[in-house]
Amino acid sequence: MIRLENLTKHYGPAHDPLIAVDNVSLDLPTGEICVLLGPSGCGKTTTMKMINRLIQPTGGKVFINGKDTSTVDPIELRRSIGYVIQQIGLFPNKTIEENICVVPDLLGWDRRKSRDRAKELLELVGLQPDLFLKRYPKELSGGQQQRVGVLRALAADPPVMLMDEPFGAIDPINREVIQEEFLKMQREIRKTIIFVSHDLDEAVKMADKIAIFRSGKLEQYAAPDDLLARPANSFIEDFLGSDRALKRLRLVSVGDAMETDFITVLETDSVEHARARIRSSRSAAAFVLDAEGAPRSVLSEQVAEACSGTVGDHAEPVKSTVPITGDLRQAVSVMFAHDMPLLPCIDEAGRLAGVMSYRSIVHHLGHGGKA
Amino acid sequence: MEIIGFIIDNLHIIGARTIEHISIVFLAVGIAIATAVPIGIAITQSKSTADTILYLASMMITVPSIALFGLMIPLLSPIGHGIGYVPAVVAVILYSQLPIIRNTYTAITNVDPALREAAKGMGMSTWQRLRQVEIPLAIPVIMAGVRTAVVMNIGVTAIAAYIGAGGLGTFISRGISQSDPRQLVTGALAVSLLAIAADLFLALVQRLLTSRGIQGEVTP
Chain A
1 MIRLENLTKH YGPAHDPLIA VDNVSLDLPT GEICVLLGPS GCGKTTTMKM INRLIQPTGG
61 KVFINGKDTS TVDPIELRRS IGYVIQQIGL FPNKTIEENI CVVPDLLGWD RRKSRDRAKE
121 LLELVGLQPD LFLKRYPKEL SGGQQQRVGV LRALAADPPV MLMDEPFGAI DPINREVIQE
181 EFLKMQREIR KTIIFVSHDL DEAVKMADKI AIFRSGKLEQ YAAPDDLLAR PANSFIEDFL
241 GSDRALKRLR LVSVGDAMET DFITVLETDS VEHARARIRS SRSAAAFVLD AEGAPRSVLS
301 EQVAEACSGT VGDHAEPVKS TVPITGDLRQ AVSVMFAHDM PLLPCIDEAG RLAGVMSYRS
361 IVHHLGHGGK A
Chain B
1 MEIIGFIIDN LHIIGARTIE HISIVFLAVG IAIATAVPIG IAITQSKSTA DTILYLASMM
61 ITVPSIALFG LMIPLLSPIG HGIGYVPAVV AVILYSQLPI IRNTYTAITN VDPALREAAK
121 GMGMSTWQRL RQVEIPLAIP VIMAGVRTAV VMNIGVTAIA AYIGAGGLGT FISRGISQSD
181 PRQLVTGALA VSLLAIAADL FLALVQRLLT SRGIQGEVTP
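Protein sequence lines correspond, in order, to chains A and B. Start counting the first sequence at 1; every next residue gets the next number (UniProt numbering). Start counting the second sequence at 1; every next residue gets the next number (UniProt numbering).
In isolation and in its complexed conformation, chain A is listed as follows:
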């Protein structure tokens, strides 16, 4: 756990200081990612660097797992905190293996243990150890270098990591890939991470908590969905942008927003029967399932009102589905692409688990999400 208590940094003369960071306090539970977000010069990087004492605080305290870090030797402290910088900063004179082993070597690990660790870490991100261990940084692509930069910070298995715009130098396509990869890794390693970013989309994607800074002050500290649903003031509203509701789509899972009171009918049922069931419910359609429970076709309200005969004669095939593990962004995208006002949501086994409609999305976003 990381706790900042009234953390403050002043520059310049004491009587007329330049206040870089002003009384920042926050708590970050173990295993979560906190993104420090804000325009440049807002104090987010200074705040981060006070955690590993690259910058000495003027006032306030930093606690890591309950321990006041000002009582620890700064060099010892830094070795116990993973550190990733935007420029990657791999040492060009060292091989990939030596780069990854920097902190284990500083800590005096057994050579064999640290080299094994380097191998294991490279495998973790899909870089073949035999190919990469003995290479030099200049022989790697930018994306590969960035991965190694993260591995280097993880080498000594520190409980806490500081990441200063770690994916900022990578092109947008690779950035997405590396972000995903990192999140996947984080789900297993559960590090407590302070992550500096100026990119709201990145923050929304990576963060468990977002801390928004302005002129050295912490303006709001909240989970991404909370932040987007309830910005604390007009500065944050402006910062989040007018499309903040759309940004929330990514944060809500299909399973959370779908309606589960859908109607199913059989192909052999009469349209009148289906019409009666649709009328007596809030649904706008009835689904026909196959033997496994997967949605096969759909009879919409309009068709049901206009036709007669059996359901099988009039139901239209289901054009697409969305998994319940997906997010609303995905669901909306499918709905737009296939012009489907009603989108069947399926579980892992492919069975119909719920239905997504524009109404359910608006309803969900309107109610401030999970809260």
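To be clear, the hints were calculated from the coordinates, so they are not data collected in a lab. Beta carbons are placed, not taken as given, at the ideal position from N, Cα and C, and that holds for glycine. Mixed in with the good hints there might be a few duds.
[Unchecked claim] Simulated DEER-style distance windows between Cβ atoms:
| hint | chain 1 | residue 1 | chain 2 | residue 2 | range |
| --- | --- | --- | --- | --- | --- |
| 1 | A | Val72 | B | Gly80 | 53 to 61 Å |
| 2 | B | Arg212 | A | Glu348 | 23 to 31 Å |
| 3 | B | Ala42 | A | Ile19 | 31 to 39 Å |
| 4 | A | Glu181 | B | Lys47 | 39 to 47 Å |
| 5 | B | Ser46 | A | Ile189 | 40 to 48 Å |
Let chain A serve as the given structure and place chain B on it in line with the hints.
Positioned in the frame of chain A, the structure of chain B alone reads:
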């Protein structure tokens, strides 16, 4: 033809003079590396100190070598070395300071600040940072300074023949005083070849000392 004959007849003397010459230059530059590299690193801490030291070293290099030798006669006479080997070595040490200090200083200050920050942020002490990151990265540029110093001082040492330091300059000084073009040309040729050979040798050393990861990059 006459000259070639002279060279062939005197090969063993030329060899002995060459060794004298090399011993002066390499001993002196060796000592200069031991002083100038630490000075070059130390002055990265303060811009104003760096300016002063580099200024003094530049002034040093503007003193003509013959004047420096003259100056050293009264200074070193009290310890019995007014002329000969010792003042030659001292002069070369002094002349070597500027290229080595300046290149060390430039190389260390030019280390990418991101690397310094990464090293510091990962928990390296100042000394560890120097040893593991800054000096290895600075090696090509430091070595370029050493090469400049060696080549330049092979020339300076030729003049040290006038204060009895021996070396290949002996051929030149005798060639002039005896109006003997054979000695003169032999001396001049040998000094030039030695300078070229020393530079090539040091280029090889530079390559061996430079990490493969930073080879092939341009050095100032």
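Comparing the hints with the structure gives:
In this structure the hint that valine 72(A) and glycine 80(B) lie 53 to 61 Å apart at CB holds, the actual value being about 58 Å. Between arginine 212(B) and glutamate 348(A) the CB atoms are about 50 Å apart, so this pair departs from the stated range of 23 to 31 Å. Between alanine 42(B) and isoleucine 19(A) the beta carbon distance is about 35 Å. The supplied range of 31 to 39 Å therefore holds. Here the CB-CB span from glutamate 181(A) to lysine 47(B) is close to 43 Å, well matched to the stated 39 to 47 Å.
Under the hint 40 to 48 Å, the C-beta atoms of serine 46(B) and isoleucine 189(A), about 43 Å apart, fit the expected range.
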